[in-house]
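Here are the chains, one letter per residue:
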Amino acid sequence: MKPTTIKLRLEALSPIVHGDIGSGKIGNAMAFRRMEIRGVPTPVISGNALGGMLRRIIWRAAFDRFGIDRTNMETKQWDRLYGSLANGGHLEKSEVATDPNRQRELRQILPPLSALGAALYSFMMAGNASFPFLFPETDLDPELLIEEVSLARHVDRGEQDPEQSGVTPMPVTIETIKTGTVFSGEILWLARPHSPAEVGCVVWALDRLAHIGGKGHVGFGRVRAEHDGDQATAAAFEEWLADQTVPAFLRALAAEL
Amino acid sequence: MKLLRVRCELATPAIVDAGPVHLDGILWAASAEHREAFRVEVPRLPVWSVTLFGETVALASALLPGHYRHQQVSLVKRRDGIDVQHLGGRLHRGLGPGKDKLRYALAIDGTLEWVVVAGRRRPVLKMLRRVLALGRDLRSGHGRVREWDVLEDPEEDLASVLVSPDSVSRRNLPPRWCSSSSAVSRGALRPPYWNQHVDIVPAGAVVRLDPAVLYEVRKGVEIAPRPRPADIRRALRDAPIQTED
Numbered sequence: 050m051k052p053t054t055i056k057l058r059l060e061a062l063s064p065i066v067h068g069d070i071g072s073g074k075i076g077n078a079m080a081f082r083r084m085e086i087r088g089v090p091t092p093v094i095s096g097n098a099l100g101g102m103l104r105r106i107i108w109r110a111a112f113d114r115f116g117i118d119r120t121n122m123e124t125k126q127w128d129r130l131y132g133s134l135a136n137g138g139h140l141e142k143s144e145v146a147t148d149p150n151r152q153r154e155l156r157q158i159l160p161p162l163s164a165l166g167a168a169l170y171s172f173m174m175a176g177n178a179s180f181p182f183l184f185p186e187t188d189l190d191p192e193l194l195i196e197e198v199s200l201a202r203h204v205d206r207g208e209q210d211p212e213q214s215g216v217t218p219m220p221v222t223i224e225t226i227k228t229g230t231v232f233s234g235e236i237l238w239l240a241r242p243h244s245p246a247e248v249g250c251v252v253w254a255l256d257r258l259a260h261i262g263g264k265g266h267v268g269f270g271r272v273r274a275e276h277d278g279d280q281a282t283a284a285a286f287e288e289w290l291a292d293q294t295v296p297a298f299l300r301a302l303a304a305e306l
Numbered sequence: 005m006k007l008l009r010v011r012c013e014l015a016t017p018a019i020v021d022a023g024p025v026h027l028d029g030i031l032w033a034a035s036a037e038h039r040e041a042f043r044v045e046v047p048r049l050p051v052w053s054v055t056l057f058g059e060t061v062a063l064a065s066a067l068l069p070g071h072y073r074h075q076q077v078s079l080v081k082r083r084d085g086i087d088v089q090h091l092g093g094r095l096h097r098g099l100g101p102g103k104d105k106l107r108y109a110l111a112i113d114g115t116l117e118w119v120v121v122a123g124r125r126r127p128v129l130k131m132l133r134r135v136l137a138l139g140r141d142l143r144s145g146h147g148r149v150r151e152w153d154v155l156e157d158p159e160e161d162l163a164s165v166l167v168s169p170d171s172v173s174r175r176n177l178p179p180r181w182c183s184s185s186s187a188v189s190r191g192a193l194r195p196p197y198w199n200q201h202v203d204i205v206p207a208g209a210v211v212r213l214d215p216a217v218l219y220e221v222r223k224g225v226e227i228a229p230r231p232r233p234a235d236i237r238r239a240l241r242d243a244p245i246q247t248e249d
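Those sequence lines, one after another, are chains A and B.
All letters in the first sequence, in the order written, are residues 50 to 306 by this note's numbering.
All letters in the second sequence, in the order written, are residues 5 to 249 by this note's numbering.
Note that these hints are calculated values from the structure, not bench results.
These figures come from a predicted structure and were not determined experimentally.
Just so you know, nobody snuck in bad clues.
Calculated pairs, BS3-like style, for lysine-lysine (alpha carbon to alpha carbon, straight line, at most 25 Å):
(1) B:LYS81 x A:LYS264
(2) B:LYS81 x A:LYS142
(3) B:LYS81 x A:LYS125
(4) A:LYS56 x A:LYS227
(5) B:LYS223 x B:LYS6
(6) A:LYS142 x A:LYS125
(7) B:LYS105 x A:LYS142
(8) A:LYS227 x A:LYS264
(9) A:LYS56 x B:LYS130
(10) B:LYS6 x B:LYS130
(11) B:LYS130 x A:LYS51
(12) B:LYS105 x B:LYS81
(13) B:LYS105 x A:LYS264
Chain A on its own, in the form it takes in the complex (with noise of 0.2 Å):
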């Protein structure tokens, strides 16, 4: 039996920026997210930020679609919801006991939780999916493939004094991958049995995705997203996304947590 993969393709329509928190202090610079691949430091954009960008798109449109949000629901349910759903979550404690049969129910009812998998709060669900490094396609250095770009804030000094309002000039160099540059690697569904609304969730996502690495309000990360998922995957999630009875379980769902 084949796995279910979804071949991903990102291009670079603007610099991308992806800091990398193992790199050692160079001053004020960010250093771009580096991986050795037979010895040589390559950049690369890492599965969980992939992960998290895709989580984000198919969460906040789900909750859009099935209009629940702060205004309408008790506001520490609504945020131990949001948070665990389209962020990831957390363990406040350790797991006592699994209960598989819930867990299947949640796999069933909510797709993007089985493919995405989250903590919440007093158990895990490991997601099905894997989220793959995406390595640059280029045969030439690596290393050729970064850009430092600087970012500096400038001072309006005829209308503040900057020893008055602490407001000074902060020049910062930032290591971003240049525009054009493509990065793939293939998206996995590590476990079985998965529905085609789980798949079609990712392949929705990937359709929507636009953006990824920081510093998107200054125009960084723009890219352009192709794969081969199923499209008919993604109508069953557009059907999933229609289902007038989710609305309620997710309800009762932010009660327990």
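Assemble the complex: chain A is given as a structure, and chain B must be docked to it using the hints.
The following block gives chain B in isolation, referenced to the frame of chain A:
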């Protein structure tokens, strides 16, 4: 009965704990996935085993992560500004940005290697090809397998599956199988290896095997009888997956 070398080429760094990664555990997991898919309840590994002094041990080695080069990988949880617009209350610290985590993972510049005693090469390779990723944090792309390969090694002694030529155990062993060993600890002798409930001589310890073990290893016994087609049909018909209710 042949000594086979199993090789795995990683596509991304694999996050594995410090402990040994037993090949029969990997095969067991692959078999479990397969049984889940087809609802067949009879486990069977294409690996030979030895039963002696009341213990059955698969003739499959373990990978010692410390013998391979590692590289640092990072895991980061970030909140983006738009998340804040969606929330109703004050930010919950637990929802991020979380602590940045740095971990060491098996580097992707080498080939991982195990040795195993099996009847034929192809069933081992076929089962391993079901294993698409190894280790932890698979959802964020770690541990992806690029390729499995299984090669015959007619030159080497079958007993080398348990102990290397320089007398280092290549897998967890029962203490009674060793006439001398440097360490005994709690662990497991068969999958699942996280169920550490018996005394073992751990993989990586300096040992000398009991001569009786050497004799039996060179003979080899299959770990489980091949299920007959009728048994599989009966399992499919009579034994659906059990649930708690």
